[in-house]
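Last residue of the sequence shown? That's 277 in this note's numbering, and every number before it is there in order.
Honestly, the hints are just simulated from the structure, not real lab data. Some clues are possibly wrong.
Here are the in silico distance ranges between beta carbons for each label pair [claimed, not checked]: (1) ALA96 x ARG70: 20 to 26 Å; (2) GLY113 x GLY72: 34 to 40 Å; (3) ARG150 x ASP81: 47 to 53 Å; (4) ASP41 x GLU230: 20 to 26 Å; (5) ARG76 x GLY113: 21 to 27 Å; (6) SER128 x CYS27: 28 to 34 Å; (7) ALA245 x LEU86: 36 to 42 Å; (8) ALA96 x THR25: 46 to 52 Å; (9) ARG198 x ARG76: 28 to 34 Å.
Every residue gets a Cβ at the ideal spot worked out from N, C-alpha and C, and that includes glycine.
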Amino acid sequence: MKTLTVVEAGRGTHEALSRGRGTVCAVFRRSVYLHLPGDRHVCLGDGTVGRGPINGIVAEGAELHALRQGDRVRVNSRDAMHWLPRVRSAAPVAGALRGNLRSLRNAAALGVPRDGLGSRLAGAASPFLQQADAALDAFDAWLRSPVRAFPDAAVGLLGWGPGLTPSGDDYLAGALVALRAMGCDATAERLWDALRDAAATRTHAISRAHLVAAAGGEAHETLHDCLEQLLGGDEPRWDEPLARLSRAGHCSGWDALAGAAAAVRAMVASKGATR
């Protein structure tokens, strides 16, 4: 049985690894996913996978390629550092947010992939995006008035699209994280209440694990870096955060950022971002 040593891990990874040994359930070039007792899932990888709530960086990153699906793995996380995203200490200001959303739109137009939901950031049209327009419009409308019943059309975003984490899941996750970052906890809780049961059947276990973390306000560090620019003061700097977002995955980070931006736009429009 292979033993891996975790040197840094997110909250969910620490909690899951305390439950015992795991079984490799997915293998990628830089990482593996483990299934652990309690139906928990974590991603273990080398330093290039980045930090996140269910990520763990292992000392033996170069040896991960030798693992195969079904392998049993023992993990030593006793001395691992804990990673947590930075928490905002001040409420965002509506006027600054409007300007920051405009600057994000301009920056995204230069590099957003056209085959994901992230192209919504730049106002670009694509056949891929058009397939999800009705669900996205329904969800964005609900964000502007979250006391209404959650629309069935928006539930259709769960499991929608290709990838380890489907594009629709990433969009919803980004919205959840942004709502928490803005202090809109009640809306985030209503959103997760509307999605939780459907997520059990409409998407797969690994993506569900990321959604659960997002419901608590945590995602990959690159999304938090972008939110720091979006929710910060004037003159956000997008070049490096967006470059890092792209390196973390082809579309997932952009899809999540599009969902986050949708939540920010809705809060600016409906509440002036004062909650």
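Here is how each hint holds up against the structure:
Evaluation of the 20 to 26 Å hint for ALA96 and ARG70 yields a failure: the beta carbon distance comes to about 52 Å. Between GLY113 and GLY72 the beta carbons are some 38 Å apart, a value that agrees with the proposed interval 34 to 40 Å. The hinted range of 47 to 53 Å is satisfied by ARG150 and ASP81, whose Cβ atoms lie roughly 48 Å apart. In this structure the supplied range 20 to 26 Å is violated for ASP41 paired with GLU230, their Cβ-Cβ distance being about 32 Å.
Range check, ARG76 to GLY113: about 41 Å between beta-carbon atoms, so the 21 to 27 Å window is missed. Hint check: SER128 to CYS27, Cβ distance near 32 Å, so the stated range 28 to 34 Å holds. Take ALA245 and LEU86: their Cβ atoms lie about 23 Å apart, and the range 36 to 42 Å is violated. In this structure the supplied range 46 to 52 Å holds for ALA96 paired with THR25, their Cβ-Cβ distance being about 48 Å.
A beta carbon spacing of about 32 Å between ARG198 and ARG76 agrees with the range 28 to 34 Å that was offered as a hint.
Consistency note: the structure conflicts with the earlier hints numbered 1, 4, 5 and 7.
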